[in-house]
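Asks: Read off the chains here:
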Amino acid sequence: MTRFIVVRLFQMILALFGIIVIVFFLVRISGNPVLFMISPLSTQSEVEVLQKQLGLDKSYTEQFWIYLKDLAHGDLGESFVKRIPVTEMLGNALPNTLKLGIPSLVLGTVIAIALGVLAATRRDSIFDNGVKFLAILGQALPGFWLAIMAVLVFSVHFQLLPAAGMGGIEYYILPVGTMMFFMLPGMMRLVRSTMLDVLDSEYIKLARIKGLPERIVIWKHALRNAVTAPMTVAGMMLAGLVTGAVITENIFNWPGMGKLAVESAFGRDFPVVQAITIIVAVMVLGMNFLVDIAYAWVDPQIRYERT
Amino acid sequence: MTRWGRISRDLVMILPVTVLAVLIFTAIFADVLAPYPYDKTALPERLTPPAWCEGGSTKHLLGTDTLGRDILSRAIYGARVSLSVSLLAIAITAIVGTALGIFSGYMGGRTDAFIMRVVDVALSFPALLLAILLAVSLGPGFFTVIFALSALGWAGYARIIRGEALRISTSDFVAQAQVIGVSPGRIMLRHIFPNILNILIVGITLSVGAMILAESAMSYLGIGIPPPVPSWGSMVADGRNSLDSAWWISTFPGILIGMVVMSGNFLGDWLRDRLDPRLRQL
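Residue numbers (this note's numbering), protein chains in the order written: chain A, 1 to 307; chain B, 308 to 589.
Just so you know, these hints were derived from the structure itself, not from any lab. Where hints are given, some of them may not hold.
Claimed, not checked - Some residues of chain A that are not near chain B, with every Cβ distance over 12 angstroms (derived):
#1 Met37
#2 Ala72
#3 Pro85
#4 Ile113
#5 Ile216
Stated by the list, open to error - From the derived model, a few chain B residues whose C-beta atoms are all more than 12 angstroms from chain A:
#6 Arg310
#7 Tyr345
#8 Leu496
Claimed, not checked - Cβ-to-Cβ under 7 angstroms is the rule here; a few derived chain A residues that face chain B:
#9 Ala15
#10 Ser30
#11 Phe144
#12 Ile148
#13 Val242
#14 Val246
#15 Ala261
#16 Ala265
#17 Thr277
#18 Leu285
Note that CB positions come from ideal geometry on N, CA and C, so glycine has one too.
The whole structure should be built from the sequences, with the hints applied where relevant.
Replies: This is the structure we're talking about:
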């Protein structure tokens, strides 16, 4: 087991390094940030000073080496555009993203499990078919379009909710609903199908035979085994939420990481783009790592297969 | 099975196939079918509502946008963009992913470990972020979009197919082929590839929807095919600023995306039930 963890950890670090290399050089071929900062009145010497200030006058390998050294010290650099430390910018943006992300994740998971279980226990009923239909619809419709339709109905037509911006609780309803949509349908389907499998198993039959109330059989015995399925795709869900955050924050003008990512990519703010990419990658890799460990712990066969 | 049961079961296949066939037909014959060119502006007729609404006219069945361009015509040309981009990206990802997956699974050892690490990188890279980066690096355009959609998409195929190839590599017929001295290349092509074909077909069908959604998300963010060429995603974005006066600009392209994606997903599910029941989900 220890060997498995060490190998996986090493692989994870390798993958992370690969991502750092790719993003570092990719942003550098996207154009010279200085050209986005100068005005027609700027002189050639100003441009050169600016290049030097941003550290862009050095060779790529030299720049990369400096970046890696800084990174090892936990220093993510300074924003080209705002001239403040990237950590400070992320410190402002991350809480805003979490304010949407955590409620979406929690609400989405609870709703997905509740609907998935209810649908599975009422297999082929109207309710089950309704849930299936909603899941299929939800997986087919683009999230940004659903968000715009929600704005159209609730903000423009009925004027109940604000269309964009941050503020009180009413500002959260539409964005949280939108972000939830990026994970809910998939998870709901997964819970439902796992639940169907579990309900078919021997120990559920036993629990019923020994006379436990159906409520306990389902919500305690069966559910406990059915919720492990969404866990296996936790990494994927997380990636979905990242995409969800980018789209949602841009639609609702929400000052979080997703909006920052798009703005800094367009503004060639290299350190910010790099930092956001690395953070997302660490989260997804870390999540997959934990899932792998959990699996290897449960099923020893995997330890040999996956290394 | 009752007659109705049979019909409704087949409907799950017939309807999606019909929708996709119509889509392909529309994309090919867009020039003939569209009432107007996609970039023909007519400012006096701007923001005309759809024909069945008050103030609408049969000249523009689905209304016009802020520049007076015909929504129906743009949606028809949009089919061409969505379809060509998605199909090309799917072809690239499927070919690259399958080749690497089989190679990785059959070779095993260090080769396998290395390819799988690259797959790890690709799968944990934030896809939308990469798409934005590529769009600003290479400049928006047809091939940028295809490149952005393909750059990570192959990894999903590679992972699934590698697992299958690994399983098949240990089977008797592969061992026998090795014993009689069949070359590795031939084993991969003639013995392993035919056995993963089912999974591949299901995977390809299921990715039609995913690709169209991804393409539309890119267009929505303004990193897709540059204007004035219409894409369904950018049409939704166009309508965003005039939501209060013209709901129809954003609404129709979204419905089209949903219809096509749903058809792809239904067809994929249907195929999976037929070809590979082990992967059955719903």
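Asks: Mind checking the CB of A:Ile148 against every CB in chain B and telling me if the closest is under 7 angstroms?
Replies: holds (5 angstroms)
Asks: A:Ser30 was flagged as interface toward chain B. Is the shortest Cβ-Cβ separation under 7 angstroms?
Replies: holds (4 angstroms)
Asks: According to the definition I'm using, a residue is off the interface if its beta carbon is farther than 12 angstroms from all beta carbons of the partner; does A:Ile216 meet that for chain B?
Replies: holds (27 angstroms)
Asks: May I ask you to check that B:Arg310 keeps its beta-carbon over 12 angstroms from the closest beta-carbon of chain A?
Replies: holds (18 angstroms)
Asks: Let me know if the C-beta of A:Phe144 comes in closer than 7 angstroms to any C-beta of chain B, holds or violated.
Replies: holds (5 angstroms)
Asks: Against chain B, with CB atoms and a cut of 7 angstroms, does the hint on A:Leu285 hold up?
Replies: Interface hint status for A:Leu285: holds (5 angstroms vs cutoff 7 angstroms).
Asks: With 12 angstroms as the threshold, tell me whether B:Tyr345 passes as away from chain A on beta-carbon distances.
Replies: Given that every Cβ of chain A is farther than 12 angstroms from that of B:Tyr345, nearest at about 20 angstroms, it holds.
Asks: Tell me if the interface restraint on A:Val246 is satisfied: Cβ within less than 7 angstroms of some Cβ in chain B.
Replies: holds (5 angstroms)
Asks: Just checking, A:Ala72 versus chain B, shortest CB gap more than 12 angstroms?
Replies: holds (20 angstroms)
Asks: Should the hint that A:Ala15 touches chain B count as held when the rule is a Cβ pair under 7 angstroms?
Replies: holds (4 angstroms)
Asks: Can A:Ala265 be said to touch chain B, with a Cβ gap under 7 angstroms?
Replies: Check passed: Cβ of A:Ala265 comes within 4 angstroms of chain B, closer than 7 angstroms.
Asks: Minimum Cβ distance from A:Ala261 to chain B below 7 angstroms?
Replies: OK, holds: A:Ala261 within 7 angstroms of chain B, min 6 angstroms.
Checked against the numbered hints above, the structure breaks none of them.
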